[in-house]
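*Asks:* Given the structure of chain A, go ahead and fit chain B onto it with the hints provided.
One letter stands for each residue in the lines below.
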Amino acid sequence: MADDPLAPPAALAGDVTVPEAVAGAEPVQSVCTPIRLSYTYTPGRALSRYLRAMADRRILGERCGETGQVFVPPRGVSPLAGTTTAGVVELADTGYVDSFNITRVPIERRPDLKPPYCSAWIVLDGASVGFMGLVINIAPEEVRIGMRVRAVWKPDDELETSAANILGWEPTGEPDEVIDDYERLGRAQPAQP
Amino acid sequence: MIDVAVVSFAQRQEASIPGESEVEFMVPLMEQAKAAVGLTQPEIGFTCSGSSDFLAGQAFSFVMTIDGTGPVPPISESHVEQDGAWALYEAWVKIQCGGIDTAFVYGYGKSSPGSLRDVLATQMDPYYVCPLWPDSYAIEALAARLMLEGGHVSERRLAEIAARSRANAASNPHAVRAEPKSVDEILAEEPAVDPLRPSDLPAEADGGCAVVLAAGDRARELCERPAWIRGFDHRGDAHTLGVRDLTTSMSTRMAAHRAGVADDKVDLAELYGPFTTSEHLLIDALGLDEDATAINPSGGALAAHTMMASGLIRIGEAASRLWRGDGDRAVAHATSGPCLQQNLVCVLEGD
Numbered sequence: 093m094a095d096d097p098l099a100p101p102a103a104l105a106g107d108v109t110v111p112e113a114v115a116g117a118e119p120v121q122s123v124c125t126p127i128r129l130s131y132t133y134t135p136g137r138a139l140s141r142y143l144r145a146m147a148d149r150r151i152l153g154e155r156c157g158e159t160g161q162v163f164v165p166p167r168g169v170s171p172l173a174g175t176t177t178a179g180v181v182e183l184a185d186t187g188y189v190d191s192f193n194i195t196r197v198p199i200e201r202r203p204d205l206k207p208p209y210c211s212a213w214i215v216l217d218g219a220s221v222g223f224m225g226l227v228i229n230i231a232p233e234e235v236r237i238g239m240r241v242r243a244v245w246k247p248d249d250e251l252e253t254s255a256a257n258i259l260g261w262e263p264t265g266e267p268d269e270v271i272d273d274y275e276r277l278g279r280a281q282p283a284q285p
Numbered sequence: 572m573i574d575v576a577v578v579s580f581a582q583r584q585e586a587s588i589p590g591e592s593e594v595e596f597m598v599p600l601m602e603q604a605k606a607a608v609g610l611t612q613p614e615i616g617f618t619c620s621g622s623s624d625f626l627a628g629q630a631f632s633f634v635m636t637i638d639g640t641g642p643v644p645p646i647s648e649s650h651v652e653q654d655g656a657w658a659l660y661e662a663w664v665k666i667q668c669g670g671i672d673t674a675f676v677y678g679y680g681k682s683s684p685g686s687l688r689d690v691l692a693t694q695m696d697p698y699y700v701c702p703l704w705p706d707s708y709a710i711e712a713l714a715a716r717l718m719l720e721g722g723h724v725s726e727r728r729l730a731e732i733a734a735r736s737r738a739n740a741a742s743n744p745h746a747v748r749a750e751p752k753s754v755d756e757i758l759a760e761e762p763a764v765d766p767l768r769p770s771d772l773p774a775e776a777d778g779g780c781a782v783v784l785a786a787g788d789r790a791r792e793l794c795e796r797p798a799w800i801r802g803f804d805h806r807g808d809a810h811t812l813g814v815r816d817l818t819t820s821m822s823t824r825m826a827a828h829r830a831g832v833a834d835d836k837v838d839l840a841e842l843y844g845p846f847t848t849s850e851h852l853l854i855d856a857l858g859l860d861e862d863a864t865a866i867n868p869s870g871g872a873l874a875a876h877t878m879m880a881s882g883l884i885r886i887g888e889a890a891s892r893l894w895r896g897d898g899d900r901a902v903a904h905a906t907s908g909p910c911l912q913q914n915l916v917c918v919l920e921g922d
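Residue numbers (our numbering), protein chains in the order written: chain A, 93 to 285; chain B, 572 to 922.
Quick caveat, the hints were computed from the structure, so don't treat them as lab data. Where a beta carbon is used, it is the ideal one built from N, C-alpha and C, also for glycine. Any given hint might turn out to be false.
Stated by the list, open to error - Partial list, computed: chain A residues near chain B (C-beta under 8 Å):
id: 1; residue: Thr-125
id: 2; residue: Ile-127
id: 3; residue: Leu-129
id: 4; residue: Thr-134
id: 5; residue: Pro-135
id: 6; residue: Leu-139
id: 7; residue: Arg-167
id: 8; residue: Gly-168
id: 9; residue: Pro-171
id: 10; residue: Leu-172
id: 11; residue: Thr-175
id: 12; residue: Thr-176
Stated by the list, open to error - Just a few of them, taken from the derived set where beta-carbon distance is under 8 Å, the chain B residues facing chain A:
id: 13; residue: Gly-590
id: 14; residue: Ser-592
id: 15; residue: Val-598
id: 16; residue: Asp-638
id: 17; residue: Thr-640
id: 18; residue: Pro-697
id: 19; residue: Tyr-698
Pulled out of the complex, with its shape left as it was, chain A reads as follows (with noise of 0.2 Å):
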C-alpha cells in the first residue's frame, strides 16, 4: 500500500498550457457525434406467446394466481402481487372504451394517422386492465366511455407476429357498459393497506 493512501497521483501535478498553434483558434460552436446501438431483442416467454397468437388472431393475457387479475399485454408477472403468473388466458377481440383522447395535431412520423383520430384504452371482455388502441369507422366525437368495440385485423395474408395486426377498434353498436360497476367488469380494485 502507498505511504499516504489519501495523496493525489503524479499526473495530476503541474500546469496546463495551450500550445502556440492554436491559442487563437475559433471556437467550436457545437458538434455531431451520432451514436447508434444495435439489438436483436427478445421479448420473454410471456410476449413472445402473445406475439406469436397475434399473427393466428388471437389475443392473449396471463392471470394473477393470487387476485385473479388477467393483464393483457402478458409480460410473464403479476405486476400487483410480484410473482411470475399463473396461466395463460385467450380473450375475446371485443371489449369497451374505458377512456379515449382526441388527437387534432399531426404526427411526424405516422403520416397514416390523420386528425382528428381517436386513441383509447380498451378493456377486452375477460381482461382487468386497459389496453391500447385507436377507435376507427366513428366520428371521434361519437367516441364515449363505455362505447362496446371489436378489433379490425388485418387481412390474414399480411398477418404477423406484431400488435399491428389489429388496425383499430370499431363500435359493435351494442348497448354501452355501465362502467362504474367494476367488481362485475373484474376491475376490483387492489385492497387498501
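*Replies:* Leaving out everything else, chain B in the frame of chain A:
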C-alpha cells in the same frame, strides 16, 4: 451507526438467457431471496435496484422489473443506473437514516442482445472518446500494456490469476467459465486483444441477483449468523483515462482505507476484477496478502461477468461464506466504469 447485515442472497448467471425477459428471470430470484428469510414485500422498508437501459436497449427498462417485487400496495423504491452493489450502498444509507429495519436490493443485466464491448463505449466521455467507439477490451489492453511494460505485473502473474479463477469456479454452479487450465496452458493461448489472452478476459453472462439487508435484532431473527457490514465506502477516479495512473487503483486504495480493510485479518475477498489485470491491481490496492486471504473463492467476475450484478454478487458470495462459517471477516469489492474507474469496498464480519 446502525448495524446492518446481509441476511439473504439468490443469484442466476448464464452465458445467455435468450428466452426470458429480465423481469421473467428476476421474479424467481426475488421470491427466493425473500422467502429464504420469510419476508414478503409489504414488510420490507426500502427497495433499491441497479440496472442499465443501455444493456436493455430501452428507456426506463427498470420500471418493468419493479413489477416483479410486488409493488402494490405502493413501496418505497429507488434505482441506480449502476451495479447493484451501489443500490445496496443506497439501501444501507437509507437504513442508517432510521425508521426501517429491512431493505431489498437487486441487480441484473442482460447484455447478450447487444454488443457489450460497443455498448460500454457509451460510458466514456461523450465528446472526446465515445465518438471514437473504443472497444472496452481494447481500453483495458492499453492499461495492461502499461502494466506489463512498466514492470508492474508479469504475463505469468496474470496467467496465475486466470488459472486460480478457473480452479475456484469449478465448485461454483453459477460460473460460466469453469474449465480448469494450467498457467502454462494459459500462457500458450494466442492473445485476443494483445497483450490480453482469452483467459484474461471476463466470461460475459446474463443474469442477476437479489439480496436482503436487515438491521440489528431483526437481522438476528432472520439469519443464524448474519454477515454484518462493518466498513463501507466507494470512491471514483477521474473520468478521463489520460489523467489517471492506470497501473494502480487510487480510488480502491482510498475506499479500502476508509472502510478499514487493514484493521483486522481478511479470511476471504470477493473482488470484481473483470480482467486479470484488474484483479492484480485490486489485490495490491486493497493490501491483501494472498497467503492469508482466499481470493475470489467463487471464481470472481472472470468466471461469470454479469453487468450491473457482478458487484452485488461479490457481496452476496462473501456473505454466504460467512453464514456457512467459511471465515469470520470478508472483503467484497465492486467496480464500475472503464479500467476500475469507480470502486466500492464493503467489509463484512460474522459474529
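*Asks:* Each hint should be assessed against the structure and marked as holding or not.
*Replies:* Here's how the hints hold up against the structure:
1. Thr-125: Since chain B brings a Cβ to about 4 Å from Thr-125(A), closer than 8 Å, the hint holds.
2. Ile-127: Interface hint status for Ile-127(A): holds (6 Å vs cutoff 8 Å).
3. Leu-129: holds (6 Å)
4. Thr-134: holds (5 Å)
5. Pro-135: It holds, given that the least Cβ distance between Pro-135(A) and chain B is near 6 Å, below 8 Å.
6. Leu-139: Because about 7 Å separates Leu-139(A) from the closest Cβ in chain B, which is inside the 8 Å limit, the hint holds.
7. Arg-167: Constraint on Arg-167(A) satisfied, holds at 6 Å.
8. Gly-168: holds (4 Å)
9. Pro-171: Nearest chain B Cβ about 4 Å off; hint holds.
10. Leu-172: holds (4 Å)
11. Thr-175: holds (7 Å)
12. Thr-176: Result: holds, 5 Å to nearest chain B Cβ.
13. Gly-590: This hint holds: Gly-590(B) lies near chain A, its Cβ roughly 6 Å from the closest one there, short of 8 Å.
14. Ser-592: Where the cut-off is 8 Å and the nearest Cβ of chain A is about 3 Å from Ser-592(B), the hint holds.
15. Val-598: holds (5 Å)
16. Asp-638: Holds, because the Cβ-Cβ distance from Asp-638(B) to chain A comes to roughly 4 Å (cut-off 8 Å).
17. Thr-640: holds (5 Å)
18. Pro-697: holds (7 Å)
19. Tyr-698: Because about 6 Å separates Tyr-698(B) from the closest Cβ in chain A, which is inside the 8 Å limit, the hint holds.
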